[in-house]
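This is what each chain is made of:
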Amino acid sequence: MAGDVRIAIAADADLVRARAEARAIALGLGFSKTDATLIATAISEIARNILVHAGDGEIVLEAIAGDERQGLRVVARDGGPGIRDLETALRDGGSGRGGLGLGLPGARRLMDEFDVVCELDSGTVVTMTKWRIRSSLERLQARRSRHG
Amino acid sequence: MSVAILRQGDYLIASIQSDLTDREVVELRDDLAQRVGSSRARGIIVDVTAMDVIDSFVARALRAMAITSSLRGARTVIVGIQPDVAIALAHFNLDLAPLHAALDLEEGHAVLDRLLQGVAKDGG
Chain A
1 MAGDVRIAIA
11 ADADLVRARA
21 EARAIALGLG
31 FSKTDATLIA
41 TAISEIARNI
51 LVHAGDGEIV
61 LEAIAGDERQ
71 GLRVVARDGG
81 PGIRDLETAL
91 RDGGSGRGGL
101 GLGLPGARRL
111 MDEFDVVCEL
121 DSGTVVTMTK
131 WRIRSSLERL
141 QARRSRHG
Chain B
149 MSVAILRQGD
159 YLIASIQSDL
169 TDREVVELRD
179 DLAQRVGSSR
189 ARGIIVDVTA
199 MDVIDSFVAR
209 ALRAMAITSS
219 LRGARTVIVG
229 IQPDVAIALA
239 HFNLDLAPLH
249 AALDLEEGHA
259 VLDRLLQGVA
269 KDGG
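Residue numbers (this note's numbering), protein chains in the order written: chain A, 1 to 148; chain B, 149 to 272.
Chain A on its own, in the form it takes in the complex (with noise of 0.2 Å):
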């Protein structure tokens, strides 16, 4: 992938969109086809949350090259209300606004690396990242391709 992708979430289209891309995105990073399946249902379950809570917002999705592994990581941004009470809204049920609240407890056990920022008033920021460890094969292209 060339660059951050980014991915408007405004409309019910909108997830269909999502979850196709991500997993595009995943596989053409060189993630297994079960673990681009978990990262795409994850940003299914974030982006209905932006369409619900605050009806739109973003997804940005990036990839992240180190030396021993590679990531994907999604930020998903919205100018909503915020989430008063983070805590329960990241316990199994615990926000019941649109659902049972039970999607943004099983996209943070989908990824590797979940974080939640937001500001009262403000909107929301979730950061979540999946890792795969890169082959000794791909290493050593990646580090000549480096040094030309």
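Just so you know, not all the hints are guaranteed correct.
[As the list claims (entries may be wrong)] In silico lysine to aspartate or glutamate, DMTMM-like type, Cα no more than 25 Å apart, as pairs:
hint	chain 1	residue 1	chain 2	residue 2
1	A	K33	B	D252
2	A	K33	A	E62
3	A	K33	B	D200
4	A	K33	A	D112
5	A	K33	A	E113
6	A	K33	A	E21
7	A	K33	A	E68
8	A	K33	A	E138
9	A	K33	B	D170
[As the list claims (entries may be wrong)] Stretch-level coverage of chain B by chain A, calculated; a stretch enters the list once three of its residues show a Cβ under 8 Å from a Cβ in chain A:
hint	region
10	167 to 176
11	186 to 196
12	214 to 228
13	240 to 249
I should point out that these hints are in silico values taken from the structure, not numbers from a laboratory.
From the three backbone atoms N, C-alpha and C, an ideal C-beta is built for every residue, glycine too.
Using the hints provided, position chain B relative to the given structure of chain A.
What follows is chain B alone, placed relative to chain A:
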């Protein structure tokens, strides 16, 4: 159309052809609840083979379909959940117990046959 619904004997087969929007998922649930009556179906098979991602909303909607149709007198079996989708769904704290699932259409038919045999026996 994203979902093809056809009738086969006593059963309705709903084949989801592509990823669905939330609205389409809810429409499918409502449509199936109606059709159980209009076509006097006793069983429903929902084929989700084409769905690459099933998140908690869709899983809950599938569960709602099964409960709704059972209140209308029909049993529901979900077929074709992909292995990766099953792995993803296991990360959610979802109660999918009311949902019957089978590997493919053929197995789905067999599960419905068995479920309805049980009903017939209980009734007689």
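In rising order, the numbers of the hints this structure does not comply with: Of the numbered hints, 11 and 12 do not hold.
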